[in-house]
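Number of protein chains: 2
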Amino acid sequence: MDIGRLGEIGFLKWLVATHPRVIPPPPLGPGDDASVLGSLLLTTDALLEGEHFRTGEPAFLIGRKALAVNISDIAAMGGTPRAFLTCLGLPSGTPGRALTDLVKGFASAAEQHRLSWIGGDTVRSRRGIVITVTVIGERGRTVLTRSGARAGDGIFVTGPLGASAAGRALLESGWKAGADGSARSPWGPAAATTRRRNTELLRAHLNPSPRVAAGRFLSEFAVASAAIDLSDGLSLDLHRLCEASGAGALVYEESVPIAQATRAWARSARRDALHLALDGGEDYELLFTVPRPKERLLSSWPPGDGTGPILIGRVRPRGEGMRLVGARGRRKALRPRGYDPFLRRRGVDTPGVPV
Amino acid sequence: MDIGRLGEIGFLKWLVATHPRVIPPPPLGPGDDASVLGSLLLTTDALLEGEHFRTGEPAFLIGRKALAVNISDIAAMGGTPRAFLTCLGLPSGTPGRALTDLVKGFASAAEQHRLSWIGGDTVRSRRGIVITVTVIGERGRTVLTRSGARAGDGIFVTGPLGASAAGRALLESGWKAGADGSARSPWGPAAATTRRRNTELLRAHLNPSPRVAAGRFLSEFAVASAAIDLSDGLSLDLHRLCEASGAGALVYEESVPIAQATRAWARSARRDALHLALDGGEDYELLFTVPRPKERLLSSWPPGDGTGPILIGRVRPRGEGMRLVGARGRRKALRPRGYDPFLRRRGVDTPGVPV
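Sequence order for the protein chains is W and U. Reading the first sequence from the start, the letters are residues 5 to 359 in the numbering used here. Reading the second sequence from the start, the letters are residues 5 to 359 in the numbering used here.
You may find that some hints are simply not true.
Intra- or inter-copy, both count: the list cannot distinguish identical chains.
Unchecked claim - Quick list of in silico lysine to aspartate or glutamate cross-link-like pairs, DMTMM-like style, CA-CA up to 25 Å:
| hint | residue 1 | residue 2 |
| --- | --- | --- |
| 1 | Lys298 | Glu224 |
| 2 | Lys298 | Glu55 |
| 3 | Lys17 | Glu299 |
| 4 | Lys336 | Asp276 |
| 5 | Lys17 | Glu257 |
| 6 | Lys180 | Glu142 |
| 7 | Lys108 | Glu247 |
Because the hints were derived from the structure by calculation, they are not lab data.
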């Protein structure tokens with residue numbers, strides 16, 4: 005059992021295989037975005053300083069994001085988030101302002117999505133800030149899982165992809181974010197259009213919007229056959245959905261939604277915008293599949309939040325694997341290259357390995 | 005807001021006071037051992053390498069303890085633990101054996117107390133192992149809280165105190181523990197009686213037994229007026245219970261139960277056994293109060309696990325504060341000196357400050 009070789013997914017598979025007496029199968033146990041316990045959904049995520057956020061990132065946005073990524077897991081299961089608990093590991097010398105802002109960030113996301121902060125634990129950490137959040141949600145009429153996709157179903161996402169990865173690259177290149185996510189150039193004043201573009205990208209990365217309304221709609225009317233949230237990159241998360249469903253997938257390269265700001269930045273930074281969208285991760289849009297007869301239900305898509313059901317491909321039989329269709333109809337393999345912390349760095353930095 | 009000055013408890017008070025819109029009052033919100041959500045109880049605790057356990061401690065016991073301390077919180081509320089989630093932050097180079105043992109420890113405690121491992125998150129940590137556990141329990145007939153103690157109630161604990169603090173001191177002095185908690189002298193073979201004694205103390209520290217059966221009994225027959233688990237030391241946890249109840253307390257020094265092994269070690273190490281029992285922490289026994297008319301119900305104490313209701317004092321009016329009565333009837337103030345990670349080291353190492 006070598007986690008540096010197995011990776012996060014391999015570790016989880018080993019864990020589940022070796023402990024059948026205490027680990028129930030999904031969706032009751034691990035393997036979906038959240039676990040089902042009676043009428044509730046439960047999910048937990050950790051964010052470590054130096055791994056998931058950088059020293060100096062706005063603490064308010066770190067707090068918001070720590071809650072948002074957990075809410076996104078509840079959204080992916082079609083549930084409504086209700087309450088959360090936090091475990092905070094804090095260095096003794098944590099500046100009061102940073103801690104106040106972190107707490108305000110939690111509270112801000114909680115008020116926005118109507119969650120109660122019901123408890124937690126605060127411990128001293130000598131090795132940077134540690135944040136773990138557990139969110140409890142109420143399940144919707146149907147529980148969306150990863151395993152229901154069938155050949156012929158349409159594959160949809162709720163919004164554009166790749167902006168978060170571009171925002172992360174901006175931070176790595178030295179751009180700073182203000183408390184509201186606004187971009188600040190490290191090399192003195194930048195052109196207003198560049199600042200606006202980079203602010204959009206930084207906000208996509210630092211202040212993602214969990215798609216609760218979309219998930220609830222898909223659950224309430226039993227529209228989706230499967231769903232997952234895009235936390236680790238479309239290619240990897242689609243792979244997970246396909247694996248759980250015993251299916252393959254065809255993705256239309258030209259249908260993958262990419263925001264103008266992402267395209268513009270990718271051009272200027274000589275990056276491949278499609279690669280950002282496929283493998284970048286942390287988009288926190290929903291990826292879901294819909295049986296063909298139900299696709300018309302998507303016309304009553306209710307959320308007035310700028311999301312929309314965007315068709316990007318079709319579920320195919322398992323034997324076909326995951327493929328990408330280019331503009332001229334050429335097909336090539338779509339490899340899961342997203343983020344696995346133990347195997348490699350982010351997909352946008354180095355090519356990943358199949359998982 | 006300076007957590008190094010306020011301490012954990014001060015931070016929590018500040019947090020609750022400044023965010024009334026998102027933080028409900030206890031027992032729905034923070035301030036008790038677990039939070040009540042409908043028919044469920046929820047609690048979460050973090051254990052960090054270097055803070056809560058040392059590199060080289062048996063990973064199997066770290067896993068067991070990480071779950072046990074959360075189960076203890078459910079027990080303190082009178083609930084039955086049902087399921088848990090884990091967040092693991094692991095260095096890439098975590099030895100396979102250590103990780104396997106850690107997981108076995110979780111599974112062992114889960115099987116013992118019949119919990120399902122329903123999910124979690126695994127992330128890379130570059131700064132030591134980070135473990136957070138969330139346990140979900142089912143509430144009993146009555147929910148035990150900290151706030152129901154009234155003047156005249158008897159104050160009880162479920163078992164002897166101070167052994168865990170002695171075990172921690174042994175580890176700090178160089179003694180090692182085997183995978184089963186057995187003591188190994190760092191200075192070559194030790195006398196069999198010393199080894200046996202130290203094994204008892206190390207096990208109290210590394211492998212605590214959450215008092216689920218006791219908590220369920222107290223809840224089922226509405227015996228206890230208030231309860232809390234002894235995680236941070238009798239003096240501090242009793243202070244918390246008194247503060248939540250608006251009460252004072254009188255503790256009979258000679259009634260505080262201390263195991264023979266703890267007394268023997270304290271003598272040999274020139275420590276004050278009573279100080280270990282009052283301020284040492286991590287006993288994970290329950291501290292509870294019982295109205296005088298209900299004390300006879302304790303005669304049907306059911307758990308056959310070696311626990312027993314041990315009377316150590318009486319709840320008094322708030323104005324009397326917390327006092328200790330010695331063998332000759334002399335009274336002195338009982339100061340809360342237990343563990344607050346941000347204010348000081350463990351109470352057994354340095355005198356604490358009132359909180």
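Tested hints:
1. Lys298 x Glu224: within (13 Å within a copy, 50 Å between copies)
2. Lys298 x Glu55: neither (41 Å within a copy, 54 Å between copies)
3. Lys17 x Glu299: neither (33 Å within a copy, 51 Å between copies)
4. Lys336 x Asp276: Within one copy only: 17 Å inside a chain, 73 Å across chains, cut-off 25 Å.
5. Lys17 x Glu257: Classified as neither; 31 Å inside a copy, 53 Å across copies.
6. Lys180 x Glu142: neither (37 Å within a copy, 46 Å between copies)
7. Lys108 x Glu247: neither (39 Å within a copy, 27 Å between copies)
Violation of the numbered hints given earlier is confined to hints 2, 3, 5, 6 and 7; the remaining hints are satisfied by the structure.
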